[in-house]
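So the protein lines, in turn, are chains A and B.
Mapped onto the numbering used here, the consecutive letters of the first sequence carry residue numbers 1 to 179.
Mapped onto the numbering used here, the consecutive letters of the second sequence carry residue numbers 180 to 292.
Please keep in mind that the hints were generated in silico from the structure rather than gathered at the bench.
Here the structure is a predicted model, which means the values were calculated and not measured.
With a Cα cut of at most 25 Å, we get these calculated PhoX-like pairs of lysine-lysine:
{"id": "1", "chain 1": "A", "residue 1": "K79", "chain 2": "B", "residue 2": "K197"}
{"id": "2", "chain 1": "A", "residue 1": "K79", "chain 2": "A", "residue 2": "K90"}
{"id": "3", "chain 1": "B", "residue 1": "K264", "chain 2": "A", "residue 2": "K21"}
{"id": "4", "chain 1": "A", "residue 1": "K9", "chain 2": "A", "residue 2": "K25"}
{"id": "5", "chain 1": "A", "residue 1": "K90", "chain 2": "B", "residue 2": "K276"}
Listed next, the stretches of chain A that the computed footprint assigns to chain B, with coverage defined by at least 3 CB atoms under 8 Å from CB atoms of chain B:
{"id": "6", "region": "8 to 14"}
{"id": "7", "region": "28 to 40"}
{"id": "8", "region": "50 to 57"}
Even glycine gets a Cβ: it sits at the ideal position worked out from N, Cα and C.
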Amino acid sequence: MSENTVSIKMEVGIPTPDGTKIGYKIPVTVEGFVCPHTGETILTGDALEELDRIKAHHMGLMPPEHIGELRNRMGLTQKEVSELLQLGGKTWTRWETGKARPSRSMNILLRALWDGKLDTGYLENIARNPFTPVTLNLGSFLGKLALKSASKEQAKNPMQPNKACNTCLAANEEYELAA
Amino acid sequence: MAVDIPEEWRMTVSSILKEMDLKHIQLTDRTLNEFEALFPHASFTSDIVRSFLPALRHPLEGNPVYSMIPPGETYEFFYTHQGIKLYAKISLLEDGKTVRIYPSHRPLKGDTL
Chain A
1 MSENTVSIKM EVGIPTPDGT KIGYKIPVTV EGFVCPHTGE TILTGDALEE
51 LDRIKAHHMG LMPPEHIGEL RNRMGLTQKE VSELLQLGGK TWTRWETGKA
101 RPSRSMNILL RALWDGKLDT GYLENIARNP FTPVTLNLGS FLGKLALKSA
151 SKEQAKNPMQ PNKACNTCLA ANEEYELAA
Chain B
180 MAVDIPEEWR MTVSSILKEM DLKHIQLTDR TLNEFEALFP HASFTSDIVR
230 SFLPALRHPL EGNPVYSMIP PGETYEFFYT HQGIKLYAKI SLLEDGKTVR
280 IYPSHRPLKG DTL
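The following block holds chain B by itself, in its conformation from the complex (with noise of 0.2 Å):
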């Protein structure tokens, strides 16, 4: 059952992605490939990282995801970017100065997370 995703991560989160160094923010090379098929006008990192940020400025509901390796807080959650909904899952890593974003691509398993 999704939960409130933490106002600390989500600001966190969003402050990463919003300095875009790109030292402190991982992308699966799955993540672009995902991204380049769904928007290939707009599939720059800049364009994926900052697809994040109006969802993140809200309270915004998603699961916690405990299994992830490394160790970090994770969170999956649907978002709308230029009027597609999108899966997400982002984890924070241990540091908690580094961003690592899993594929972003169309919900495959229904509606719910």
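Bound conformation, chain A alone (with noise of 0.2 Å):
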């Protein structure tokens, strides 16, 4: 320990899962070190790595290591696996050396990946595929809406024509035509 080294107690801050606050602290003890003149405390490598390690631990971040080590699992080169996972350039090098963390919305996609849950045929075939959502038939949910509201109605007047069903048609047409 060099003459100006001091331990110093420190808390982190752990956000809630909605990062909009945090939700709880965890008191620990680096290394630093004290200005002499200013009396400021200075962080300096090692404690703000061991800082960084504590707060991912506890928001359930993947660590480094297990990162590069899942990268090997899927046989992928750096840019592989961030042109399947359409990252920036260097966003998972970062990663894996420490130098960023994932969000956690991406921790959830490597949990995943890690857990086996997810293969990387899987993955390719999404990345390759524009997604397609399925085609809602507008005019038969409309038709639908209005044959229960129609209900509704005829039951309180039996008397009165099903009006709906013909706007149900008639919307199921101009949607078709439309379409």
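Dock the two chains into a complex; use the hints.
This is the structure we're talking about:
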């Protein structure tokens, strides 16, 4: 321990899952030094790494060494895995080296891959094929709504004609023409 | 009165911060605490360090701070991170390889440096 090095008691704030505030704090002791001129507590390399490691652990984030191991298990280079997950050029590299941490939402994807719940082929397929939403038959949807409403109306007034059926048919026809 | 922060200083500091070699980056404990309070969801060292990069990439106005100890080339300036205006003071220490980041926080003395 160098002459200026001191033990510093700190608290690491762990954010709530929605990230809007600090949920709880973990007391830790790290080594830093106190500036003899200003009295400020200065943190450097090892201390900063330790604080980040504790925060990431309590947030449930995958540690850098596991991220590297995951890529090896997938049999991909850093460039290939970045392309697969459509990440920026150096993002994955930063995660592997601990120079940055994945977001919590990305961490869920990484965990799913780690646990073998997703496979590389499946992800490649998704990455290659654009998202195609299921076609919504608007006319039919409107028709069902109208029928529901008409049934209630008819129950109240049994002698009234069911106008909703016409509305439904018209809506369907319009939708089909537009499509 | 604010001056243009020299490009050489901006580039040197940026390259040290971008490298994220923690042997050459120093933070005060207050910096961590202030940032954590403002951005609880993103307060890893890398989040703090990288928050300065967009501002340092372009011409930037700030004030030189001459009274800093240890000596180095120090500037204070405003920058915006995640839509919040922040005050920053960064020192490039005499070795030219180490950056010390003083607390980043919301402006405490109004909108002028």
